[in-house]
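With the sequences and hints as input, model every part of the structure.
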Amino acid sequence: MTARRIHIATAGSKRLAFTFDGQPLQGVAGDTIASALLGVGVRIVGRSFKYHRPRGVWGGWTDDPNAIFDVSLAGVTKPNVQGTATLLEDGMIVRSVNSWPTARFDVKAGLDLLSPFLPAGFYYKMFKWPDWHLFEPAIRKMAGLGRVGPDVADGPDGLQIHDQCDVLVVGGGPAGLSAARAAAHAGQDVVLVDDHPDVGGSLRDNPCQIDGTAPAVWITPQTDAIKAAGGRIMARTTAFGIYDHSLISLHQTAPFATHPKLIRMRAGRVILATGAIDRPVVFGNNDLPGVMSLRGAAAYLHRHDVLTGTDITLLASAQDVAHFGPMFERAGAQVRVLPLETEGLRAVGRGKVRALSYGTNRHHADAVLCSAGLSPLVHLWCHAGGQLEWDAGRGAFLPGAGPDHLSIVGGARGANDLDQSIDDGHKAATGQTPAPLPSIAPLPTTPKPSRARQWIDLQNDVTTKDVALAAQENFASVEHLKRYTTLGMATDQGKTSNVNGLTALAVQLGKPIADVGTTRFRPPYVPVPLQLYRGARSSTQIAPLQRSVLEPQIRALGGAMAEYGGWLRPAWYGDDMTTAIAQECAQARNDVAMLDASSLGKIEVMGPDAAGFLNFVYYNSIANLPAGKIRYGFMLTERGIIYDDGVMARLDENHFVVSCSSSHVSGVTALLEAWRQDGHDPDRVFVHNVTQAWATVTVTGPKARDVVAALDLGIDLQAEAFAHMSLRLGTYDGMPVRVCRVSFTGELSFEISIARDSAPNLWDHVHQLGATPIGMEATSILRAEKGYIIIGKDTDGETMPQDLGLIGPRDRKTQPYVGNRGLQTPVAKATGRQQLVGLAVPEGATQLPTGAHLTAAGKSIGYVTSSYLSPTLGHPIALGLVQDGLSRLNADLTVYHLGENRSARIVPACWYDPKGDRLNA
Amino acid sequence: MQRFPCPFCGLRDEREFSYVGDFGKVRPDTKARVSDAEWAAYLYDQKNPKGQSTEIWVHLPCQEYFKMTRDTVSMDVIDAAPLRKPAQ
Amino acid sequence: MKYSAFSILREGLRGHRGWAKAWHNPTPKDTYDVVIIGGGGHGLATAYYLAKNHGVSRVAVIEKGWLGGGNTGRNTTAIRSNYFYPQSTALYDLSVRLYEDLSRELNYNVMFSQRGIMTLAHSEPDMEMAARQVNAMQLGGVDAELLNRDQVRKYAPLLNFRDDARFPIHGATWQGRAGTGRHDAVAWGYARAADSLGVDIIQNCAVTGVLIEGGVCKGVETSQGLIRAGKVGAAVAGHSTNLADMAGYSLPIHSYALQAFVSEPVKPVMNTVALSPALGVYFSQSDKGGIVVGGGLDRVPSYGQRGNTPMHDVVLGGLVEMAPILAKVKLLRHWGGIVDVTPDSSPIIGPSPVPGLYLNCGWGTGGFKAIPAGGYLFAHLLARDSHHEISRPFDLDRFQTGHLIDESAASGIAH
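Protein chains in written order, with the working numbering: chain A, 1196 to 2116; chain B, 1213 to 1300; chain C, 2 to 416.
Hints in this document: simulated from the structure, not taken from any laboratory.
PhoX-like, lysine-lysine: derived pairs with alpha carbons at most 20 Å apart:
1) K22/C <-> K3/C
2) K22/C <-> K1320/A
3) K1336/A <-> K268/C
4) K2008/A <-> K1243/B
5) K2024/A <-> K1243/B
6) K1336/A <-> K155/C
7) K1303/A <-> K268/C
8) K1706/A <-> K22/C
9) K1660/A <-> K1320/A
10) K1320/A <-> K3/C
11) K1237/B <-> K1262/B
12) K22/C <-> K1660/A
Below is the structure:
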């Protein structure tokens, strides 16, 4: 016989069908996958990572390193599902990992025979010749656990919830229930979380009389009292990380195929009542299926009616034996006991334990239930910066000093007595100092020598010999041990292997464990699905695009939308890109065109110091700009690098509007605010970003004046009255408008800004008056024909104003401005700076690829920043940044692109209307 | 997720804030001679203390710059105060 | 003892009793020719090359914790030289070339796996920037290719190829010689090789002060006593400012936590390294099967070696957007390292303002890939008191001249 279901409490429960490695099986409602497998006598649930040794269930909950499965249900497949902590659902398809065809018959089982030649870190010593790449593919195929299914959830993948409470209690065992009840009673807003489907913790694993009653009878009044006092209880909720400022991440699981929740709880105080788990006993062949955690076996018995063996040997302290032995006997098992200090102990069996042998003795056993003492679950304590102290008596790291907002109670602090746990919880919740722990005599935990291998990390196949080898080779720091042997690096993060590994190392080094130390516990406490972190943010919600109020109008006209600098804007109008762009360019050059310029920044700068302030922040002189006039200028970084270009319009003495590029609105606003508040008198200048409040319709082309005149804005539009680079205020349909004569196309242009709600009417009106809408691609070509730059495209993070030939302010502006000192550094004055030039191709040649490099003697001396086939000119044009380009006019250079060379000539960076007659018309 | 105290809006999520720089840096008067070394020190050198650090931060939603003292190891916030002069 | 398949076989037959210590635990001597502060990859590599290339054998490496325990053992193990500026390319490609032969040189398998790195382009302007980058690399003598969408799909079919993705994939830059390595093995390999050349590696020895006599650095005060040195080299990523404070100079360095993430091991689904600059995420899959994920710096400057939650949503949420099938894979562990960040995100190699004390710092997010070159060049500087031509542009003086080497400014490639 082996493990089986003894139907007592679960007799009437619903049956759940599932398959394991293809075999149809049945569990009962309330089962975990592991309890269902044990209930039908399955011993081998998987294979170990390195040697493909057979593995059975070790633990009763998240401390188990072995029962890892790929599970499918309702079209959802998840890899590496922890079978001991996942509830069984009807129809689950469960497959063992790291085995083929099944866990029981695994073709790679023979690898174990090679284990003498695969010691810890063997791969560091070999596979160097001729080359690692020869060996790596095979090793990669061998490694890994589960398989990632191809299914992809559409839409939101998980929920993220932010919550807060006065007191968060982690763990719903006796200490946690007691703490939560006391805190709730004291009027605190309490949340109690437990990762099981129900609270009760060790009382359910390991029932014993409490206050003279059965545990279930005790638990209900506690939960009732907590809820009655306003407390919340969250089951199936794992606290997996504590982060700065007392933020606790909670993972709330739901039925298998549904989305989990991430709750980020901000707690005033945190009480950790996370309990403790069995420490495995290290003896020969202790990895055989059937060797189990004592408390795990008790949990299978009491939670699931599963008796893990009929011929059970207990390998535990006398106290544990006295407590647990009768339970298994009452359930119908024969129980034998071996003391922990038994010399030469080893398990015997193939695929499962059949007997125990020690010295000349041997006895039958189908289950060996072990506990070398308890390891408190102090992971969260450590996440929050709590210290650990070695307690020799308990053979465990207990919490030492910790942060003020954190308490740790019950088994998690080493209190293994029920009354003390309940007292701990109460005291922590009411601000009292916990009673000191009684000191106890140490259990014999040192592994005894054995001929057979003694396993420490069951998933990663680390034995005492591996630890000895690491010590022999001087990997003597615990972190070196962990990394060299992979001990504790499996998916259970060393919950069971940590202390035994340290003990083995301490023995090797001849040092006390306290001096050996321990590795850092890092979040998450248990692995959590990556989808938790996505929450509901997928696709466009990740980085939302900014959109114009005119988008419906633009779409109605056939605008082909695309992203430009974070804004959704029309690339062109119509179906055929090439034709559309050419026609749009022609309309702007010969007739009249319109475009949506709403995304351009509109930042108001006001106040008695506004002029001086802008004069400081901008490269160009602003102080002497007359009211009603507009000036083009650069915003530099303190290094002297061009950060943004834009136009400043002066409305009156103390009122300016800064128009920056679309993608820099928030950046420019932030820089203006930074200089305003940290460097100026913030009461004498104000900065107000009104980009979203005003929309802008630009009318451009030789016939623009006629269209704008028909809008009846109340502005004299004649060139003498309203010159290029000036601004006039008017009204459209009763709404104020600001009209700027600035031009990005090189044609006569009017930029009309109006309150956003009125913009659609204005847009429609302009369109009815005969203007052709043009998109960003045509606009880019038109501006390139004029040699107008786009910051960040035709400049880079090294470009200074002089590289564009704009040296006036550098040489003449006397007042300090941002970047002025940077323009005097050696790099600013160096030769060989990359300067912006035009590039022409030989007659008949095709356009240069953007991103091609200009070369001299095979070395890059610059690159093509913009390149188009100009519909206006009928030949390609390009802009580029070239070392000393401004002094190389008419030089022929080699252009390199993806392995091919061609030639181009440096020309002035303006092909169209260089005198600006059309602009000023 | 840390929480920082904006002196104007109260305790808010760290994602609403942006680090600006060391507190107390004064731009050299560029009308006078500023050596390359002095300029580089102003522009680039960081106090970068391990422990208590006094810095300028901005609370993005309200756009107010303020002074905050915090511990760069424990992440405790020690003090936050407006940058501007108190109203006279 | 020489490591080989043969020695493993021989030792396997006799119970592995013959393996010697990988390095020793020497007691510090009173004086050395060179003391290196920091037993991470850079410090250990420097010691190795000092002994190997320059015949300087009286060298000590002083480590306050365990060797390789800083950022060397906390990174995402990417190794690449896909840079834009020739200065960067020269530096990082020296490193890649040294890595290519490192396992055989050190007689230690550092598992440099040249599985290639792709940097995704999510738009046509991105593709133009990618072309600019690829051309720069090819002209600089470094392997690079421009991939189209179909080629990207061939290398990494798990990526998000939906047309309606927020950041659709148009193509990528590709460096086939790039890849990943086994980070601990790099530290251990250099340590073992340096130890065998007579270098003293002194662990658990914290530097408490810098000995300055007559304005010149003459050694260090440590938790194990005063150690005099002809020259002192500091390779203390993350804590360069603390050392500067001890020695009395300032640095243009800010310390930030950089986080990394690893999932549970799964069977191979990703055979290369992919980076999305738009999402701020890159990932690969380790030989053990874990998905290794990295992103940008934390928002808040700090020395907290743990990192903070806002970056988790950015990086892991971004990863799921980048490779949707990974949604159900579980995060196994996350951690943070403290990195030195300079204004141009390029490293500093050169003399410090205090004569006798030299700097190797400021590697920011990319120190691991540069370990061999960092050590090689720093050893050259310490042995000869003058720069190797490759390290010259990375001198501290660039902040005064303004000759910064700012990759992010030029190439659109996340640094």
